[in-house]
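2 protein chains.
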Amino acid sequence: MKHVTTLEELTTALAELPRPIGFVPTMGFLHEGHISLARRASEECASVVASIYANPTQFAPDEDLETYPRDIPRDKAMLEEAGVDVVWIPTTEVMYPAGYQSWVTVEDVTKPLEGARRPTHFKGVSTIVAKLFNAVRPDKAYFGQKDAQQAVVIKRMTQDLSYPIEIVVCPIVREPDGLAMSSRNTYLNAEQHQAALSLSQGLKLAQAAFEDGERDANALRQIVIDRVNAEELTDLQYVSCAHPDTLEELEGDVNRCLISMAVFVGETRLIDNVLLE
Amino acid sequence: MKHVTTLEELTTALAELPRPIGFVPTMGFLHEGHISLARRASEECASVVASIYANPTQFAPDEDLETYPRDIPRDKAMLEEAGVDVVWIPTTEVMYPAGYQSWVTVEDVTKPLEGARRPTHFKGVSTIVAKLFNAVRPDKAYFGQKDAQQAVVIKRMTQDLSYPIEIVVCPIVREPDGLAMSSRNTYLNAEQHQAALSLSQGLKLAQAAFEDGERDANALRQIVIDRVNAEELTDLQYVSCAHPDTLEELEGDVNRCLISMAVFVGETRLIDNVLLE
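Chains R and U, in that order, give the protein sequences.
Each residue of the first sequence is one higher than the one before, starting from -4 at the first, in the working numbering.
Each residue of the second sequence is one higher than the one before, starting from -4 at the first, in the working numbering.
Possibly wrong hints are sitting among the right ones.
[Claimed, not checked] Here are some, though not all, of the chain U residues that point toward chain R, as calculated from beta-carbon distances under 10 Å:
id : residue
1  : L5
2  : T87
3  : Y95
[Claimed, not checked] Sample of chain R residues with no beta-carbon within 10 Å of chain U, all distances over it, derived:
id : residue
4  : P56
5  : R65
6  : E102
7  : D103
8  : P107
9  : P114
10 : R132
11 : Q154
12 : D155
13 : V168
14 : G173
15 : A225
16 : A257
17 : R264
[Unchecked claim] With the C-beta cut set under 10 Å, the calculated list includes, among others, these residues of chain U facing chain R:
id : residue
18 : T115
19 : F128
20 : I162
Don't read these hints as lab results, they were simulated from the structure.
Ideal Cβ positions, reconstructed from N, Cα and C, are used throughout, including at glycine.
Please model the entire structure based on the sequences and the hints provided.
Structural data, given as structure tokens:
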């Protein structure tokens, strides 16, 4: 596996890779969720490029950029093992040079849910993903369903901005106890981890109700709310039952919906979701 | 020369082109200025792709999108003659599909000059050029110095958004009488054409003064203003003496500057510029 830093090193390395090229963008501190993307890319593509970059413009000033966990040697070993050919680990000097002033924005689908609580987040996400797409020029790019709204935003941006790139969204990978894998899980102590299980358990209860015929959006939301609020250490931010493509909040009977949520457990903000159809 | 319409047709055609690929984006109704870009691309690159698309998002509602001149058969013949291998002529259904909601913006350098008079123009320009870059994935892209601010905006966007594309800015091509070539010159009657010569003549006087040692920004601007205002049919919008990279307006002595201007002649808005250094 080749490790490159600058845009020039990347461009040189890419010229030697057979196509199709699969691309896996990450912020590092990898877990089985990321590795499932790299493995899928490796199965589907002749070459795989991954990136590791904790993008500052998608963190608000009060968020955890400074403390975001890092372990590059471990990340590199995991990516190589998963079949990655080139890993790009740019510096902020490479990504945001002096005088930087260009942004990619996506409008409607960034407004609700995470966008409503983290108003500058998706401008940072769409900009960095566009930059990574521009530099890597992949044929396919792999994202996790864990960040459900991000996947919708990136699909919309890819179509709107005429990228000839297929976006592949891969299923959430969970711990054996059901907790959705996240680099931020490392912030949780044992008690908090236990309380955090209420997210996936709430979603599972809603899914079971849906499979039993429950179609009312409010009832489905309430099942999740009740399970999370049964834990003392949780502080629920939102539970949404929304259209899976437009992310518009639904009322009344639903045939297809994305149930998604954000919950603080201590200082740690966790998200999870399930697609019901 | 291959003519393609959809993104899929373009992607298929591109796969067969040897690199480096040079790219010449146009709005059609081509003149010698455009053709100089295509010829330069043809000299410098193994393959040349051109696009023809009068991008609606860079025209304000009161501007001339509806009447913008068109002659696709003539444009195609001229591009083929200049060595273009693939011409992409997308429809608005291809470029702005239903639900479109993504934009590329460049901040500081879009604010003065044309940006101040046409506040939505550069958002349209940077978005369409990004889309064209994403679809064509060229190695080099060719723009005219005639649209001086556009060239600055595109260079900034290309660097900021990590495009591995070299931006080549080619000199203004002029009629024998000095009028800068523009598709909009077709709107001018003989009298207006005569009055429009004051733009290039004013710039030429400023250049001569600069070469004779005049360094004061105000004095240089005033030379151009006086020449344009000497014509009855002209209505001067602005004359600027600005930093060639940041486009900040300059005061006092200048060693390097972009003198640029916009003038209405009848209903037709003309621009021209000269780089003094």
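Status of the hints after comparison with the structure:
Checking L5 of chain U against chain R by beta carbon gives a least distance of about 8 Å; that is within 10 Å, so the hint holds. A distance limit of 10 Å between C-beta atoms decides the matter here; for T87 of chain U the minimum to chain R is near 13 Å, and the interface restraint is violated. Contact between Y95 of chain U and chain R, as hinted, is supported at the beta carbon level, the nearest pair being about 5 Å apart and thus within 10 Å. With a least CB separation of 19 Å from chain U, P56 of chain R remains clear of the 10 Å interface cut-off, as annotated.
No Cβ of chain U approaches the Cβ of R65 of chain R within 10 Å, the least distance being about 22 Å, so the stated non-interface status holds. Against the 10 Å criterion, E102 of chain R falls within the reach of chain U, whose nearest CB is about 4 Å from its own CB. In this structure D103 of chain R is not separated from chain U by more than 10 Å, as the shortest Cβ-Cβ distance comes to only about 5 Å. Listed as outside the interface, P107 of chain R is consistent with that label: its C-beta sits roughly 13 Å from the nearest C-beta of chain U, beyond the 10 Å cut-off.
At the 10 Å boundary, the C-beta of P114 of chain R stays outside the reach of chain U, the nearest C-beta of that chain being 17 Å off. Listed as outside the interface, R132 of chain R is inconsistent with that label: its C-beta sits roughly 6 Å from the nearest C-beta of chain U, within the 10 Å cut-off. Distance check for Q154 of chain R against chain U: the nearest CB is about 7 Å away, which does not clear 10 Å, and the non-interface claim fails. Once the 10 Å rule is applied to beta carbons, D155 of chain R is inconsistent with being away from chain U; the minimum gap is 4 Å.
Annotated as non-interface, V168 of chain R keeps its C-beta farther than 10 Å from every C-beta of chain U; the closest such distance is 29 Å. Non-interface call for G173 of chain R relative to chain U: holds, since the shortest CB-CB distance, roughly 35 Å, exceeds 10 Å. Residue-level check passed: A225 of chain R sits 38 Å from the nearest beta carbon of chain U, beyond 10 Å. A cut-off of 10 Å between C-beta atoms confirms that A257 of chain R is not in contact with chain U; the least separation is 23 Å.
The Cβ of R264 of chain R sits about 26 Å from the closest Cβ of chain U, beyond the 10 Å cut-off, so the non-interface label holds. Given the 10 Å rule on beta carbons, the hint for T115 of chain U is violated: about 14 Å separates it from the nearest Cβ of chain R. Residue-level restraint check for F128 of chain U holds (minimum Cβ-Cβ distance to chain R is 7 Å; threshold 10 Å). A distance limit of 10 Å between C-beta atoms decides the matter here; for I162 of chain U the minimum to chain R is near 14 Å, and the interface restraint is violated.
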